[in-house]
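Participant: Spelled out from the first residue to the last, the chains are:
There are 2 protein chains.
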Amino acid sequence: MDDVTEERERSDTRTRLVVATAALLQRQGYEGTSIKRILKEAGATYGSLYHFFPHGKEELAAEALRFGADDFARLLREGLASSPDPAEAVAHCARLLAETLRDSDWTDGCPVAATALEIIGRSPLIQSASDEALKQWRGMIEARLTEGGVPGARAAALACTVLSALEGAELLCRVSGDDEPLRFAGEQLAVLVRANA
Amino acid sequence: MDDVTEERERSDTRTRLVVATAALLQRQGYEGTSIKRILKEAGATYGSLYHFFPHGKEELAAEALRFGADDFARLLREGLASSPDPAEAVAHCARLLAETLRDSDWTDGCPVAATALEIIGRSPLIQSASDEALKQWRGMIEARLTEGGVPGARAAALACTVLSALEGAELLCRVSGDDEPLRFAGEQLAVLVRANA
DNA sequence: GAAAGACTAGATCGATCGATCTAGTGGGAG
DNA sequence: CTCCCACTAGATCGATCGATCTAGTCTTTC
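Protein chains in written order, with full-length UniProt numbering: chain R, 1 to 197; chain S, 1 to 197.
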């Protein structure tokens, strides 16, 4: 058995735990996700969990949020690269997000929102993982806007508002079971980006 | 004892339960809020709870969300009425929200977001109460924009995006412990409203 | 092939979950 | 007074929570 395979097998259970936890946190938040459910979905046992994550559920959740954040960053990267026009690129992000949500029965959206909102002020570990994710996405959008010709002074404020609108629109979509809010957001954000050019 | 006082006393415990639940749901979501904690905060017992809400926690939560929604509607109403200019009025909503959040240590924001996100697809009762709240707020913003001169065709999309941006910016503020996202949102939404006039 | 260390299996712990239940209390109606 | 009914009090239920613990099974190393 070569080193690469060994590495993969050694971390296989750990990866399954992180992936399963990320999916569950996204759908039902932190308190709504029990360890036993995670173990069942991941096909793991308590022994493995506390071997890889000695601090238990909280440590696993923080890691799962980082994993989910990278996933969401990929979707954002794809959307932002979809057009030479930054306004059109932002609009495409909204379309991609709407599509992903619709195809998953309104479950697969922002991987941190549900968990972050309910643990604010009660778990520094999870909160800072959430904060880093949001700041990473803000940075990606800001870089794309700057590159697209938005003056640096406005790029930060605009990027932050783009992310806010996408996050909020996703909330409205998921609650109503309708992608209208994200369609509206895409259209209006394109207008806003052009107004900042 | 006259009828009015009698009515108030009769529903006193019920009201305390609803108020306490609304505050807890806003801060820590549905699964993170135990019945025993609610009873303690409200100064009530199981007997009273299941007398007023035979279907238990879920029924109480739905009622608490409706209560919180009216509270948030008042803040929105105040902001929307603060200026004859709709762009300035929207910006003031963002300021009011930022102020309320800061003054409460980042806990008192949207009363439904945390709870709604974690129960989506698992409690029709709570989800529809959340949906109604969001639609009520959208309607208020849309009416103000239309009255302020935004063409009817665009008012709905703009109002929806304003609410989305406020909700998302609040998430970013609470997670980061910084009101910057709401300041940015207020500034950018004013630009967007003017672009739609 | 013995020893060591990485990892897995799952029973079990005390605490707490939401819910149910019986036993009340107290004020108004007849 | 007596009866009734809205309401309160809180013990108790089985289930499940997150966490710990012992007892393993592999793989690698010498």
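Be careful, since some hints might not be right.
Identical copies go unnamed one by one, so any copy, or any two together, can satisfy a pair.
[What the hints assert, rightly or not] Think about it this way: if two alpha-carbon atoms lie no more than 25 Å apart in a straight line, the pair counts; the simulated DMTMM-like pairs of lysine to aspartate or glutamate are:
(1) 36 with 58
(2) 135 with 105
(3) 40 with 78
(4) 40 with 132
(5) 40 with 187
(6) 135 with 178
(7) 135 with 78
(8) 135 with 99
(9) 135 with 187
(10) 135 with 108
(11) 40 with 178
(12) 57 with 78
(13) 57 with 88
(14) 40 with 180
(15) 135 with 71
(16) 36 with 78
Just so you know, the hints here were simulated from the structure itself, not pulled from any lab data.
Participant: Evaluate each hint against the coordinates.
Facilitator: Structure-based check of each hint:
Proximity of residue 36 to residue 58 under the C-alpha cut-off of 25 Å is found in both arrangements, the shortest distances being 14 Å within a copy and 23 Å between copies. Taking the closest pair of Cα atoms, residue 135 and residue 105 come within 25 Å of each other only across two copies (21 Å); inside a single copy the shortest separation is 27 Å, beyond that limit. In this assembly of identical chains, the alpha carbons of residue 40 and residue 78 never lie at most 25 Å apart, being 33 Å within a copy and 49 Å across copies at closest. Within a single copy, residue 40 and residue 132 get their C-alpha atoms no closer than 29 Å, and across copies no closer than 35 Å, so neither meets the 25 Å cut-off.
In this assembly of identical chains, residue 40 and residue 187 lie within 25 Å of each other by CA distance neither inside one copy nor across copies; the values are 42 Å within and 47 Å between. Taking the closest pair of Cα atoms, residue 135 and residue 178 come within 25 Å of each other only across two copies (12 Å); inside a single copy the shortest separation is 27 Å, beyond that limit. For the homomeric pair residue 135 and residue 78, the shortest alpha-carbon distance inside one copy (18 Å) is at most 25 Å, but the shortest distance between copies (31 Å) is not. With identical chains, the CA atoms of residue 135 and residue 99 are at most 25 Å apart both within one copy (24 Å) and between copies (22 Å).
Within a single copy, residue 135 and residue 187 get their C-alpha atoms as close as 24 Å, and across copies as close as 19 Å, so both meet the 25 Å cut-off. Proximity of residue 135 and residue 108 under a CA criterion of 25 Å is satisfied in both settings, with 20 Å inside one chain copy and 22 Å between copies. Proximity of residue 40 to residue 178 under the C-alpha cut-off of 25 Å is found in neither arrangement, the shortest distances being 31 Å within a copy and 38 Å between copies. Taking the shortest Cα distances, residue 57 and residue 78 never come within 25 Å of each other, neither inside one copy (32 Å) nor across copies (42 Å).
For the identical chains of this complex, residue 57 and residue 88 are neighbours neither inside a copy (41 Å) nor across copies (45 Å), given an alpha-carbon limit of 25 Å. For a Cα distance limit of 25 Å, the shortest separation of residue 40 from residue 180 qualifies neither inside one copy, at 36 Å, nor across copies, at 41 Å. Proximity of residue 135 to residue 71 under the C-alpha cut-off of 25 Å is restricted to the intra-copy arrangement: shortest distance 15 Å within a copy versus 30 Å between copies. In this assembly of identical chains, the alpha carbons of residue 36 and residue 78 never lie at most 25 Å apart, being 35 Å within a copy and 47 Å across copies at closest.
The structure is inconsistent with the numbered hints 3, 4, 5, 11, 12, 13, 14, 16, although it conforms to all the rest.
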